[in-house]
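Given chain G's structure and the hints, the job is docking chain P onto it.
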Amino acid sequence: MPKTDSKRNTIVFALLILILAMFFMANLCIGNVRIGAGDVLGILFSGAGDDTVRSIILSIRLPRTIMALVLGGALAVAGFLLQTYFSNPIAGPYILGVSSGARMMVALLLIFVAGGVTVKGYTLVFAAFLGALAATFFIILISKRVRNMASLLAAGIMIGYICSAVTDFLVAFADDSDIVNLHSWSQGSFSGATMEGAGYCTVIVSVSFICVMFLAKSLDALRLGESYARSVGINVKMCRIFIILLSSILSGCVTAYAGPVSFIGIAVPFLMREVLGTSKPVVLIPASFIAGSAFCLLSDLLARMIFAPTELNISAVTSLFGAPIVIFMIIRRHRGNEN
Amino acid sequence: MRIENLSAGYGKKAVIRDISLEIKKGEIISLIGPNGGGKSTLLKTIIAELKPLKGAVFIERDDVRDIPIKELSRSMSIVNTDRVKPEHMSGMDVVLSGRLPYSDGLGRFSDADRQAASDSADLMHVTDLAEKPFMDLSDGQKQRILIARAICQEPEYLIMDEPTSYLDIRYRYELMDVLRNLKEKGVTVIMSLHELELALMISDRLLLVDSSGGVSCKSPEEVMESKVLKTLYDMTDDMYHKVLGQLNAPEDHTRKHCSYFVNRKCEYYPCHDVPEDKFSCLFCYCPLYGVDDCGGNYRYSEKGIKNCKDCSFPHDSDNYPQVIKKLKENMYGEAKHR
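If you're matching them up, the sequences are chains G and P in order.
Position one of the first sequence corresponds to residue 1 (the numbering used here), numbered consecutively onward.
Position one of the second sequence corresponds to residue 1001 (the numbering used here), numbered consecutively onward.
Simulated from the structure, these hints should not be mistaken for laboratory data.
For each residue, glycine too, the CB sits at the ideal point set by N, CA and C.
Hints may be right or wrong, so weigh each one.
Under the rule of at most 25 Å between Cα atoms (straight-line distance), these lysine-lysine pairs were calculated in the DSS-like manner [what the hints assert, rightly or not]: (1) P:Lys1051 / P:Lys1025; (2) P:Lys1325 / G:Lys144; (3) G:Lys237 / P:Lys1218; (4) P:Lys1070 / P:Lys1044; (5) P:Lys1230 / P:Lys1242; (6) P:Lys1185 / P:Lys1326; (7) G:Lys144 / P:Lys1085; (8) P:Lys1132 / G:Lys7; (9) P:Lys1013 / P:Lys1183; (10) P:Lys1230 / G:Lys237; (11) P:Lys1185 / P:Lys1054; (12) P:Lys1051 / G:Lys237; (13) G:Lys237 / P:Lys1054; (14) G:Lys144 / P:Lys1013; (15) P:Lys1013 / P:Lys1051; (16) P:Lys1325 / P:Lys1185; (17) G:Lys237 / P:Lys1326; (18) P:Lys1054 / P:Lys1085; (19) P:Lys1085 / P:Lys1183; (20) P:Lys1142 / P:Lys1328; (21) P:Lys1132 / P:Lys1142; (22) P:Lys1142 / P:Lys1044; (23) P:Lys1012 / G:Lys144; (24) P:Lys1044 / G:Lys144; (25) G:Lys237 / P:Lys1044; (26) P:Lys1013 / P:Lys1025.
Now the stretches of chain G that chain P is said to cover, found in silico as 3 or more residues with beta-carbon under 8 Å [said to hold, decoys possible]: (27) 204–217; (28) 221–235; (29) 270–284.
For reference, chain G alone in the conformation it holds in the complex (with noise of 0.2 Å):
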C-alpha cells in the first residue's frame, strides 16, 4: 500500500510541477506582444535581448507571473487551513467572506489614513491580515452556535455582503483619486504587479507556508476530531490559533495584492484529495500549492487572453471554473449522505 501510494505521489507531484513550469512559461510569453519561449529564457537567464521586450517580460510579466503563481498557492493553502478548522471542506476564504473582510479594511486604510499617498508593501498586508482575522473570529463565533454546514456558508455570505456594503459606502465617500485606485484593485486582478511587490508576496508567503508545513502533523491528526488529536498529543487550542493567523495572513497577503479571488481556495484542495486519493495534510499542502499556483496562473491568462485587450477581473474566471466544481462537490456529498 504505501509503495503504491507514493508512486502516484510522485507521479502527480510530477505533472504538477511540469503543468505549473509550462503556464508559468506561457504566462511570460502569450500577450498583446508575443514573445518565443526562447528569447524569455534568454532574457530570464543571461539578460540578453531586445530592450523593449526585456522591460515587457521583467517589468510587466514577471512580476505579474510571480504574484499569480505565489498567491495562487497561498489562496488553495488558507482554503486547506480554514477547511480543516471548520471541518468542512466547502470553507475558503471567499466565500467565508473572510476577504471581502480583509477588503473592507484595506479600503479603510485607502480612503482614511492614507489619503491618496500609494500604500505599499508590509502596511496593506498588515491591514488585510486584520480584517481577514476579524472576518475569521466572526465565522468562528457563528460556527460556535451552530455546526450545520449549510448556515456556516450562509453566515460567510453574509458576512462577506456586509463587509462588501461597508466597502462601497466607504467607496462612495472617498476621493475621485481614491476611487480609481480601490476600483481596479476591488474587483480583483493582478494587473499592475511590481517586481517590489511580487517579492513581498513571496518572502511572506513563503515564510508561512513553511509554517503551515510544521502544522501538518497537527493537522493530520485533526482528521479524527479534536479529542482523537489530544489523544496522540497535539495541543490543540494552540494548533487552531497557528491555523487562523496563518490562513488570515495568507488570504489578507492576497487581498493585499490582488483583491479578493473567488474559489481557488475551495476547488483547489478538493481537487487535489481527489486526484491524490488521501486527506494527508504532508501531501495535500504541498500539493494544493502547486495546483493552486497553476490554476491562478491559467487564470489570470485567460483573464488577460479571452477578450484582449479589454481585461477580465481574475474572480470572473476562477469562479467560472471554479463554481462547477464546488457545485460538483455539494452534490455529491449529498448524496453520500443519503445512503
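Frame of chain G; chain P shown alone:
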C-alpha cells in the same frame, strides 16, 4: 495510576463526586452504571480532556494535567464514542494515526510504525478493511479500526468509552481476548461497558457509577454477591431476577449455580473439587456443558448427566482462553476460525 479525591463534571456541576482509587499496572477496570451516570465524564477526566472540579488523577507522581501532552500520548490512548468522519482516509490510515506520537515532525511514518499498525490491525481482524475508505465501513468495522488505532499507539493505559458498542457477539469476545493479552503485557485497561456479563467476566475490579454521582469500587465477586446491581440500575425485583438469570448468578448464594467460577459461596467452589455424588456440571454451569467434544474426558452419570469430575480440560478460569476458543469453534465452525 492513582485517582485522588476526584470530583468531575461540567461547569460547576459535579457529575462524579469524591472518588479515590489506586489502579495497579495491568489491571482491567470496568465502569458500569446507568446511562447519564457520568461514566464518560470520569473517563474524560482521567485522560485530562476535562479539568477536574476537585482532586486529581496521577500517573506515578505526576498530575495528568501537568504531564506534557506529547508525553501523555505515548503512555495513554483512547477510544471514545465520537463519530468521526474523516474524508479520504482508508482503514489503515485511521489505524496508522495512532502512531502519530512516534512519527516525525511532519507526521510521516517509519516502517516500524507501519509494522505496528498492521500488527494491531491483524489483532482486531481489520486487515482486509485496510484499503477501504473508512467512511464506507459499517459501524462495527469502524469501531474495530478505532480500537486497533488505540492499540498500535502502544499505551500503558488504554482508556475506552463503550468499546463494545456496534460489535457483534463474536467480536465482543475477541476483544475480551485481546484485552486479556494486553493485560498480560502490562497494559492497564480502563473502560466503560454496558454488557454486565462481559464486565464481570473480564474485570479485575468494577467501578459502579450511579446516577447521583457516587462511585464505588468492587470486585466481580462482590458485585454478584451483593444486591448492588439492583440499586445501581434502579431495577424492579422482576427485572433484577431476569438479569441475574442472564448472568447465571444465584440470588440465593447457597444454591449450586455459580457465576463464571467466581461465586465463592457456592458449595462446590472451587469447581470440581467436591465428592463425585455431589458434583454435576448441570448445576455448576460449565460453558461447554452442551458440547459433546468439549475437549475434556467426561462420562455420564446414572442420571444421564454429564459428569466432569477429573476432567482433563477443566473449564475453570485458568483455561478460560481455551474455553472461549472452543465455544467459538462450536459457534462458527472450526474452519472459519483461525
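Evaluation of the provided hints:
1. P:Lys1051 / P:Lys1025: Holds. P:Lys1051 to P:Lys1025 sits at ~24 Å (cutoff 25 Å).
2. P:Lys1325 / G:Lys144: violated (49 Å)
3. G:Lys237 / P:Lys1218: violated (38 Å)
4. P:Lys1070 / P:Lys1044: Holds, at about 17 Å.
5. P:Lys1230 / P:Lys1242: holds (11 Å)
6. P:Lys1185 / P:Lys1326: This hinted pair holds, its Cα atoms lying about 24 Å apart.
7. G:Lys144 / P:Lys1085: Judged against 25 Å, a Cα distance of about 19 Å means the pair holds.
8. P:Lys1132 / G:Lys7: holds (19 Å)
9. P:Lys1013 / P:Lys1183: violated (35 Å)
10. P:Lys1230 / G:Lys237: Roughly 43 Å between the alpha carbons, so the hint for P:Lys1230 and G:Lys237 is violated.
11. P:Lys1185 / P:Lys1054: Violated, because 33 Å separates the two Cα atoms, which is more than 25 Å.
12. P:Lys1051 / G:Lys237: holds (15 Å)
13. G:Lys237 / P:Lys1054: Since the Cα atoms of G:Lys237 and P:Lys1054 sit roughly 23 Å apart, the hinted pair holds (cutoff 25 Å).
14. G:Lys144 / P:Lys1013: holds (22 Å)
15. P:Lys1013 / P:Lys1051: Within the cut-off at roughly 12 Å; holds.
16. P:Lys1325 / P:Lys1185: holds (20 Å)
17. G:Lys237 / P:Lys1326: At roughly 50 Å apart (the allowed maximum being 25 Å), P:Lys1326 and G:Lys237 break the hint.
18. P:Lys1054 / P:Lys1085: With a Cα-Cα distance of about 34 Å, the restraint between P:Lys1054 and P:Lys1085 is violated, given a limit of 25 Å.
19. P:Lys1085 / P:Lys1183: Measuring from Cα to Cα gives roughly 31 Å; hence the hint is violated.
20. P:Lys1142 / P:Lys1328: holds (23 Å)
21. P:Lys1132 / P:Lys1142: holds (11 Å)
22. P:Lys1142 / P:Lys1044: holds (21 Å)
23. P:Lys1012 / G:Lys144: holds (21 Å)
24. P:Lys1044 / G:Lys144: Satisfied, since the Cα-Cα distance of roughly 21 Å is no more than 25 Å.
25. G:Lys237 / P:Lys1044: holds (17 Å)
26. P:Lys1013 / P:Lys1025: violated (31 Å)
27. 204–217: Held - the segment 204–217 of chain G has 4 residues with a Cβ nearer than 8 Å to chain P, which meets the minimum of three.
28. 221–235: Holds, because 12 residues of the segment 221–235 of chain G bring their Cβ atoms closer than 8 Å to Cβ atoms of chain P.
29. 270–284: With 7 residues closer than 8 Å to chain P, the segment 270–284 of chain G meets the three-residue bar; holds.
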